[in-house]
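Protein chains in written order, with our numbering: chain Z, 1 to 358; chain H, 359 to 716; chain X, 717 to 1074; chain L, 1075 to 1432; chain F, 1433 to 1790.
Read the hints as simulated data drawn from the structure, not as lab findings. Keep in mind that the hints are not guaranteed to be accurate.
Below, in silico cross-link-like pairs of lysine to aspartate or glutamate (EDC-like), each with a Cα-Cα straight-line distance of 16 Å or less [claimed, not checked]:
no.: 1; chain 1: F; residue 1: K1642; chain 2: X; residue 2: E958
no.: 2; chain 1: X; residue 1: K926; chain 2: H; residue 2: E376
no.: 3; chain 1: F; residue 1: K1642; chain 2: X; residue 2: E734
no.: 4; chain 1: H; residue 1: K568; chain 2: Z; residue 2: D281
no.: 5; chain 1: H; residue 1: K568; chain 2: Z; residue 2: D260
no.: 6; chain 1: L; residue 1: K1402; chain 2: F; residue 2: E1756
no.: 7; chain 1: X; residue 1: K820; chain 2: X; residue 2: E958
no.: 8; chain 1: F; residue 1: K1642; chain 2: X; residue 2: D997
no.: 9; chain 1: Z; residue 1: K210; chain 2: L; residue 2: E1398
no.: 10; chain 1: H; residue 1: K568; chain 2: Z; residue 2: E242
no.: 11; chain 1: Z; residue 1: K352; chain 2: H; residue 2: E558
no.: 12; chain 1: X; residue 1: K820; chain 2: H; residue 2: D639
no.: 13; chain 1: H; residue 1: K518; chain 2: X; residue 2: E861
no.: 14; chain 1: Z; residue 1: K210; chain 2: L; residue 2: E1092
no.: 15; chain 1: L; residue 1: K1426; chain 2: Z; residue 2: E205
no.: 16; chain 1: X; residue 1: K926; chain 2: H; residue 2: D618
no.: 17; chain 1: L; residue 1: K1284; chain 2: F; residue 2: E1756
no.: 18; chain 1: Z; residue 1: K328; chain 2: L; residue 2: E1398
no.: 19; chain 1: L; residue 1: K1284; chain 2: F; residue 2: E1577
no.: 20; chain 1: F; residue 1: K1592; chain 2: L; residue 2: D1136
no.: 21; chain 1: H; residue 1: K568; chain 2: H; residue 2: E558
no.: 22; chain 1: L; residue 1: K1284; chain 2: F; residue 2: E1674
no.: 23; chain 1: F; residue 1: K1536; chain 2: X; residue 2: D976
no.: 24; chain 1: F; residue 1: K1536; chain 2: F; residue 2: E1674
no.: 25; chain 1: H; residue 1: K462; chain 2: Z; residue 2: D260
no.: 26; chain 1: Z; residue 1: K104; chain 2: Z; residue 2: E242
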Amino acid sequence: MKKTRPHRAQPGTTPGIESMDDLGEPPAPGTVHVQCIDYGPDQTRTQAVTDLGAFLRLPRPDRCPVRWLNVDGLHPYVVNQLRQSFGFHTLAAEDVLRLPQRPKLETYEDHLFVVARMPSLRDGQLCTEQVSFFLFRDCLVTFQETAGDIWDPIRERLRKSGSRLRRLGASYLLYALLDATIDHAFPILEAFGDQLEGLEEEVAEHPTTKLQRQLHRLKRDLARLRRFVWPMREVTNQLCREETAAIAPEVRTYFRDVYDHTVQVMDMVESCRDTASSLTDLYMSAVSNRMNEVMKVLTIMASFFIPITFVAGVYGMNFEVLPELRWKYSYAGFWLICLSISASLAWFFIRKGWIGRK
Amino acid sequence: MKKTRPHRAQPGTTPGIESMDDLGEPPAPGTVHVQCIDYGPDQTRTQAVTDLGAFLRLPRPDRCPVRWLNVDGLHPYVVNQLRQSFGFHTLAAEDVLRLPQRPKLETYEDHLFVVARMPSLRDGQLCTEQVSFFLFRDCLVTFQETAGDIWDPIRERLRKSGSRLRRLGASYLLYALLDATIDHAFPILEAFGDQLEGLEEEVAEHPTTKLQRQLHRLKRDLARLRRFVWPMREVTNQLCREETAAIAPEVRTYFRDVYDHTVQVMDMVESCRDTASSLTDLYMSAVSNRMNEVMKVLTIMASFFIPITFVAGVYGMNFEVLPELRWKYSYAGFWLICLSISASLAWFFIRKGWIGRK
Amino acid sequence: MKKTRPHRAQPGTTPGIESMDDLGEPPAPGTVHVQCIDYGPDQTRTQAVTDLGAFLRLPRPDRCPVRWLNVDGLHPYVVNQLRQSFGFHTLAAEDVLRLPQRPKLETYEDHLFVVARMPSLRDGQLCTEQVSFFLFRDCLVTFQETAGDIWDPIRERLRKSGSRLRRLGASYLLYALLDATIDHAFPILEAFGDQLEGLEEEVAEHPTTKLQRQLHRLKRDLARLRRFVWPMREVTNQLCREETAAIAPEVRTYFRDVYDHTVQVMDMVESCRDTASSLTDLYMSAVSNRMNEVMKVLTIMASFFIPITFVAGVYGMNFEVLPELRWKYSYAGFWLICLSISASLAWFFIRKGWIGRK
Amino acid sequence: MKKTRPHRAQPGTTPGIESMDDLGEPPAPGTVHVQCIDYGPDQTRTQAVTDLGAFLRLPRPDRCPVRWLNVDGLHPYVVNQLRQSFGFHTLAAEDVLRLPQRPKLETYEDHLFVVARMPSLRDGQLCTEQVSFFLFRDCLVTFQETAGDIWDPIRERLRKSGSRLRRLGASYLLYALLDATIDHAFPILEAFGDQLEGLEEEVAEHPTTKLQRQLHRLKRDLARLRRFVWPMREVTNQLCREETAAIAPEVRTYFRDVYDHTVQVMDMVESCRDTASSLTDLYMSAVSNRMNEVMKVLTIMASFFIPITFVAGVYGMNFEVLPELRWKYSYAGFWLICLSISASLAWFFIRKGWIGRK
Amino acid sequence: MKKTRPHRAQPGTTPGIESMDDLGEPPAPGTVHVQCIDYGPDQTRTQAVTDLGAFLRLPRPDRCPVRWLNVDGLHPYVVNQLRQSFGFHTLAAEDVLRLPQRPKLETYEDHLFVVARMPSLRDGQLCTEQVSFFLFRDCLVTFQETAGDIWDPIRERLRKSGSRLRRLGASYLLYALLDATIDHAFPILEAFGDQLEGLEEEVAEHPTTKLQRQLHRLKRDLARLRRFVWPMREVTNQLCREETAAIAPEVRTYFRDVYDHTVQVMDMVESCRDTASSLTDLYMSAVSNRMNEVMKVLTIMASFFIPITFVAGVYGMNFEVLPELRWKYSYAGFWLICLSISASLAWFFIRKGWIGRK
């Protein structure tokens, strides 16, 4: 996996977004996309925002009680504009930009700040992307590292009139987005589970270092998945309990559902980890067994021929006085000796179970 | 094990049963069976329901204070009809259909929603099936994936007049069904325990990769069992404590009994896991020992014959000046040398304990 | 170990003692023994009860405020008689009979129900037996699987006038019996500890599969011990805290003592488990070392003789033109070559530390 | 790593700083450096303190509400002077001098005492240094083992007028210093992560004891890092919650940020530990595979030549009656036999997968 | 380690000191030493007590508000005399005598009972000794198994006037003694740490079973240390929190210091355990590597000579028709063949990295 170097501040520099570079300079065109969706039970208005500063000064449209501002691409200038308009804490604004953050929930007076991670598979390897949410009573601001399509079904649902999503306000929108984010882990875990199942056969039959490395990488990905799902569990649990005006009471049951999904993801991760660790045992035992087999072949080959080669060597000696050389049936006797040695060795190996049993 | 692909929703789609496919279309005849048992201390009436919509509009029979509606086979149409009639939460109704769910207990105003798993063995491998319960004060609705016979003894008991089951209401029925479900794990665990005991002898005597794979599968099944018994423990514990009108006070002691059984199942699972992991150690040590034995045979064979073969080779040389060749007792001397080399090697190997001690 | 098949009910059958077989039929004579000891500060009366039904209807003797009813051997008929007389809960009565139960404490209105396990060693293997206690303010009913002698010292102490046991009531008797039961684990653990210490020497010197199997069995026994001591700890801890009239306040300090002993047993079990697991490491390393040694002998033997055997082979060739054959000092030269090859190999092996260092 | 022997007191000696050696004697010039920075929103005054006793008696400058006294180098004389002036507890003063202490937070009436550890890498190995903080409402006293440059950015920030650091008082200064200290762990962990990634390739291809030792040392360093980050987490968590006048309310959010960083460090440490332990598995399997390969080469070589060498030996015998010696096509026949033996062995090895598959 | 058999009671015997043997009989002279130190801010009086019974009836000296009674050597007679005089609970008195006890703290109405363990190294092996404390408001009674010198520094400090020890009462004395006891673990752990560091080099270079056994013993000692430090942590933690008149409020901070030391000991134990377990991995990998090396030497030796020995054997055959025997350059050709075989094998081995790379 190509690793993105984390965007950490130098130890000791001023905390908060105010001291970041590029704060005063707008992003290059096309690197950051801001989309605003205003919606209510009656209507939905979608617009791509180009001049964010001007847009934020406009009044909100009528009969659209909820606003969803989605920012694809992270840039200090944009985050800071939104911070000034919405009043985010300077550390929260910084957390949106400093990657990676651990999933967490922070409560402020009139809003919640949620950091989550969205997993995906690229070339069979786990990647994760940070998503940040600021939830107000009537507005949700979301930040994504890159433009993705996993929230498209939700945009689709916002367009359908009469949907629960349009009726239930900003906290339900947060629920829908978080749910889509977590649910993204299921197909990934199923892919991992399939890989592990496929490895079982391979490992038992042809244990190679390549397989063990594959296992090592799977384990690493599983450990990474686990490390961000664990705090997600805390976050969703807190969302079920948090006493805040930003979350509508009827939405709490839905957050319980996200919590359940997170626990299920946790369970599947643990299950895969157990299997991977048991496969390592299976691997080691298959390697040992193969070694055993190789050794047995060597031992059997050597044991059969070493004694009779010695006998042949004896009668290749050039002593002047070596009476057997002149006997008539010596040669036949020699083969008799060889046969009887071989037969007794064969009997010994069969009794040991080295021949005839695998 | 043939794995059923889980019935998960696409990430991002509308949650709740309303957005599922097949919602408007009744199931093919014969795929879903609904049975209704109305009972009370005095009588029991059993009927197979064919037209569920019509049935739900009928009044309940007299002198049968408790109703048990059991649905075998999961179909959105049927679950939705019952949801509308009984007022299940849309997410709960969805959970009945989206498999697999983790065992859990959810409390609603006038009812409880319980998800449990029922284990069974098919061809020696663990399968589990989801069972869902909606417990009202005077009614229990249950859903099973497939028609099974494990609740037949309870139907039998409902027919016996004077039984506690007929006296104690819907929550006692829930207890009886949950108890039967959990108790199903005992024979499975005993089968696993017997398999492990059988493996011990095999593993110590003939350690093969096949055995290790069998062990690997047992471990996987045990891990799976553990993963659903653990939340079952929470569920039964909550049932002992939940303050709800749906559970009659005199039934709490019975739920404590189910809790005890769940803990016992947990204990047995842990015990089997310990044994399996200790068997892996035993396996590895048996493999190493066998390798040792093979190596010893090779070393002993080679050590005995390699030196004397060399001696024979020496006197097979064709040097013109090789005085021993002409001596009279050379041949006898050759055998003497061979014997003394062999004797000293034998002494060495016996002292090392490689010969004569296994 | 000969395993007693557990006495579990079929899943789905009616819970409680009422539905058990043999309920109506008294046990065969000689299979169940009931002993009643009535005692107080002044006197002690011991009697073997033959007709339990009649006995229970008799009034209790004067000046004997405490009664201890001990039942050796478990039979539904007897347990049910006592249940009707004392008012045990039907599930508790069933738990006395359904083996094995996990140690537990259940509180009822006027009595406590305690299940404990008593460990013992038979032929060096761990066996455990269930003991059940019903503690009332002035009476203790105990059930044992088989008649044992471990409570005899307490019967002895009951006969001595002036002992604390005779002054302090039924809860102190429970304490004395539980204490004797727990303390039984100490000699067993010491035996295990001695076995482990003995194994250390053996394992390091002669690692055989037999030893590893012995270790495997010890581990299994330790795991089993642990599994019942753990809940015993909870039980004794609850006994220290339970607010119930059945336990006299001055006896609480004594239960704290039993709790301390249970924790000490736990500690010793953990200690033995650690040692056993470290012995497995020691075993594997001893096996590997022996293999190393075998391999070294083979390599040294082969390396010394293979090259010089080749040299001898060269001069055993029958080429017509092979000038060395005719030289005068060829034979001496041959031995010189052999010696110098051997010497350089010896130097190589000594430098590697394969010869002369073990 | 060159280990500094810990500065522990002899068991049994008087606790507290009063009984330490060198208490009465000032440190050698140049070993201890004291720097005092007085600052406020308007101005910052920095001075190197040479005569500490005289300095502490001087009044503090106007319009500088906050004072930061930093001591580089630990000496009982200096610590004691400050103790007497500021009223530290004698045990706290001792803890500053007795190395190493575990990170901790102690609350006194008018001040907090915080012990932290600052990690650094020297020659690729982890070193840690103790830093102690005494936080008063308007003053912070800090002690470092040696003069370091990691707090220089903060001194820099103190010089910039208008910075939050100059506005927010002593507790914000503590936050800034602690934050810089914790953040120092990130580059170290990234270096460890890179080392582990580099090891993966090496371990799979050329498993040598040297690599395993490197892994062993990495593991040891990670364990050490973990052991001091864990209590740091507790300390920062307490700092978020501690109800004390010494911490300004608006600074709490900032301490929550330090806490988040500590948790992230913990996460990365755990991640590295998982990877290291999985690399050990990979290592062992690579070693076994290489052994397998070596054995296969030996077995194949020996198996090919041992039988045909025997055949050659047979016809090197000197029996007078050995008819094949005189046949015309014997020699061709001999090669035919050799070829057919080799061919059948080759077929056997290819079928086994020992030749042609790696 | 020579193991002292534990002094446990037979299961079932009367609990409490009253039923112990030797209760009525004073100990043999010279086996038990009682020392009494009365002290106060003004003076200290030390006396060896010979007739304990008479001594306890004497009034305490003036101006010595605190008394420390130390008993070296455990004997029921002596403990019982003190019990009757001070009113210890019978079970506590028994715990002083029944070895080993787990460290614990028990609160009685007017006193505390503390059991601790004091570790020491004898011949490089860990020994522990039980120390018991009864703390009253103005008196401390201590029991040691054998006379030791680790409390001598404290006796020394008691003789110095003006020390905190003489001012602060019995609970401060308890603190000083406990602190000395715990601090005794530090040099032991440093010795273990040095041993482990020394083992690292040895294990990587010359892995022998002896080293692994040494490691096994270190692990066992560490596990033993851990097992008594863990409850010591609880004890010292309780001492910081216990609401009792026996502990002066200003001494609590000092107990927090002991608690810190205990946690530090715990940390060091865990650190050593981690290192030991990582050394086991290192050991196994070093063994495997050595085996690999041995195998490589064997394989290289055998592979070089086996083919050319066969060639020599071919030309040692006595066929009448073997044309090469008569060719003129056969012998030179033979060496050419040998050289080319060796060269291609050498190339093969170098490419594999078996020659020239370690």
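Comparing the hints with the structure gives:
1. F/K1642 / X/E958: violated, 53 Å
2. X/K926 / H/E376: violated, 64 Å
3. F/K1642 / X/E734: violated, 64 Å
4. H/K568 / Z/D281: holds, 13 Å
5. H/K568 / Z/D260: violated, 38 Å
6. L/K1402 / F/E1756: At roughly 15 Å apart (the allowed maximum being 16 Å), F/E1756 and L/K1402 satisfy the hint.
7. X/K820 / X/E958: Given pair X/K820, X/E958 holds - Cα atoms ~13 Å apart, limit 16 Å.
8. F/K1642 / X/D997: holds, 13 Å
9. Z/K210 / L/E1398: violated, 52 Å
10. H/K568 / Z/E242: Not satisfied, since the Cα-Cα distance of roughly 53 Å exceeds 16 Å.
11. Z/K352 / H/E558: violated, 20 Å
12. X/K820 / H/D639: Distance of about 33 Å is beyond 16 Å: violated.
13. H/K518 / X/E861: Violated, at about 33 Å.
14. Z/K210 / L/E1092: Not satisfied, since the Cα-Cα distance of roughly 64 Å exceeds 16 Å.
15. L/K1426 / Z/E205: holds, 11 Å
16. X/K926 / H/D618: Outside the cut-off at roughly 38 Å; violated.
17. L/K1284 / F/E1756: Cα-Cα ~52 Å, so violated.
18. Z/K328 / L/E1398: holds, 15 Å
19. L/K1284 / F/E1577: violated, 48 Å
20. F/K1592 / L/D1136: Violated: F/K1592 and L/D1136 sit about 47 Å apart, past 16 Å.
21. H/K568 / H/E558: Since the Cα atoms of H/K568 and H/E558 sit roughly 14 Å apart, the hinted pair holds (cutoff 16 Å).
22. L/K1284 / F/E1674: violated, 53 Å
23. F/K1536 / X/D976: Given that 16 Å is the threshold and the Cα spacing comes to 9 Å, the pair holds.
24. F/K1536 / F/E1674: holds, 13 Å
25. H/K462 / Z/D260: Holds, at about 9 Å.
26. Z/K104 / Z/E242: holds, 13 Å
Checked against the numbered hints listed earlier, the structure breaks hints 1, 2, 3, 5, 9, 10, 11, 12, 13, 14, 16, 17, 19, 20, 22; every other hint is satisfied.
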